[in-house]
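**Q** Residue numbers (the working numbering), protein chains in the order written: chain A, 23 to 332; chain B, 23 to 332.
To be clear, the hints were calculated from the coordinates, so they are not data collected in a lab.
Treat the hints with caution; some may be incorrect.
Identical chains share a label here; the pair holds if one copy fits it or two copies do between them.
Cut-off 25 Å, straight-line C-alpha distance, at most; resulting in silico cross-link-like pairs (DMTMM-like, lysine to aspartate or glutamate) [said to hold, decoys possible]:
id: 1; residue 1: K312; residue 2: E153
id: 2; residue 1: K267; residue 2: E215
id: 3; residue 1: K81; residue 2: E107
id: 4; residue 1: K81; residue 2: D257
One letter stands for each residue in the lines below.
Number of protein chains: 2
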Amino acid sequence: MAASHRLKPLSRVAVSGGTHGNEMSGIHLVKHWLRDPTELRRSSFTVTPFLGNPRAIEKCVRHVGQDLNRSFTTRLLSSAEAEDEPYEVSRAREINQTYGPKGSAQAFDFMFDLHNTTANMGTCLIVDSEESLLPMHMCHYIQTHHTWSRCPIYLYKLPGEETYAIDSVAKAGLALELGPQPQGVVRASLFAEMRALMACALDFIELFNSGMVFPAFEIEAYKITGRMDYPCYPDEDISAMVHPKLQDKDFLPLSPGDPIFQTFSGEETLYEGNTTIYPAFINEAAYYEKKVAFAMTEKCIFSIPSLQRE
Amino acid sequence: MAASHRLKPLSRVAVSGGTHGNEMSGIHLVKHWLRDPTELRRSSFTVTPFLGNPRAIEKCVRHVGQDLNRSFTTRLLSSAEAEDEPYEVSRAREINQTYGPKGSAQAFDFMFDLHNTTANMGTCLIVDSEESLLPMHMCHYIQTHHTWSRCPIYLYKLPGEETYAIDSVAKAGLALELGPQPQGVVRASLFAEMRALMACALDFIELFNSGMVFPAFEIEAYKITGRMDYPCYPDEDISAMVHPKLQDKDFLPLSPGDPIFQTFSGEETLYEGNTTIYPAFINEAAYYEKKVAFAMTEKCIFSIPSLQRE
């Protein structure tokens, strides 16, 4: 039997709410913890909650200049300050200084990032890739112990792409993506779910720090393969909606020939790919800006090796 | 038996989509009709679709300065142009010139106004008050002929309040309020529902114009009595969410002692009124700005006299 992978215990953990300023579960949860951090206390590590994008939160919009959660690339983080740069670029540098620097030994050990989607994605766990060992073990622990919900795992990084999300400034990270919830709305049920997920994830870290051995396992995850754009008129307005048969069917199989769009004049568009895919982020409000109707994923099984602290 | 109320036939009808720039059913429906108005054609009257708030639509926000749908008061419509006035004030004057002037003989005969809500209000028909005879007959016709949905009637005007909505510039009006739909999202099912409702309402006008006698009837409607604010912290942030037992229960009875809020720390707040009410617009995203958690209504039965064209 192979020896466990060994990683250092975690001592500093951060949690961002409001990386997108209109995703309210995480915003209100972090604001609550800033008022009363009692439930974040654990014996072997510290948890620091913070508001990712305070200016966007103030206005209840996703961002005020550009998407903060796409602003943690090496290029942007190392760029010189400029007067006309979007607010989020300077905010990303600030976050990188506080919780990073990205890729350095001083970086926080872990960062959680709390999101909502208008898509019917349930209680989704987002990791950059299956190669992130500690987050994959955390997901497995959550799936085993947080049994209210199914908790599908979404791997967001396309092959060859650099990590760009806020949690990439820490040594490891996990984003929680709860939906459906409209932008600007907090639903009590999702708030409770996010709070319970966070408690479960912090319990995992405590156990890891205590020296528990987490055995190897096989796990299902949805890995992004691309994005499906809306059909458009020549003036670039979208000309179709997500088909009613696809709406709310996140993480369910979509096969060649299945309907994906309904035009405003009533015609159907069928999926023309060669293989069955598993759409996610179906009809996410924030993706209209980029004319993206849904993300395409493949369902994979990964073998994750065992894990233990050093 | 009393003689029918007689009203002039309708010759000019307008339809606004995007009075709020992030309520997508009406925006896409009006954009579709501007491209292809075929389905709006009727023999006895004209239908003019238009985009209420183009600048807000462009940015996919409710408004860019102030709520357009609160800007049709006599005071604002008669105010002198000012350089620093919100865009919506000048846009309201423009709409009033084109489809009004409000209260004048030249005004359009009827205006539809197409809305969405994040609340679970279903297919709601909004009229200023039960005294608006033609709209109340239209609602009754829709309830009788559009049988997919229940179509509750919501009467929005508080006693003594002036009308302020966009459709008040025409001689009569009706707003369609379809939900739940997140801001910035178009769901195919609600789009189809709104389109069918409009077809049904236009059929009613055609029948009215043709001389059909619409007999008297009794009808149930929900009349606003006030608004319920969120509890707040001293810094004015909300301190509670809509209670999970109230969430999505629009138009259902709420009795004294029933839970209405859950604080972020987990306590319940109960409804302390003296009588049963019927909440609507529960957890509407756009009302957080004003700290409004829901509208309170009473369920009433009104006797509506018969109607016929002159």
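**Q** All hints, please: hold or fail.
**A** Here is what the structure says about each hint:
In the homo-oligomer, the alpha carbons of K312 and E153 never lie at most 25 Å apart, since the shortest distance is 28 Å inside one protomer and 46 Å across protomers. In this homomeric assembly, K267 and E215 come within 25 Å of each other (Cα to Cα) only across copies, at 16 Å, whereas the closest approach inside a single copy is 27 Å. In the homo-oligomer, the alpha carbons of K81 and E107 lie at most 25 Å apart both inside one protomer (19 Å) and across protomers (20 Å), since each shortest distance falls under that limit. For the identical chains of this complex, K81 and D257 are inter-copy neighbours only, at 16 Å across copies versus 29 Å inside a copy, given an alpha-carbon limit of 25 Å.
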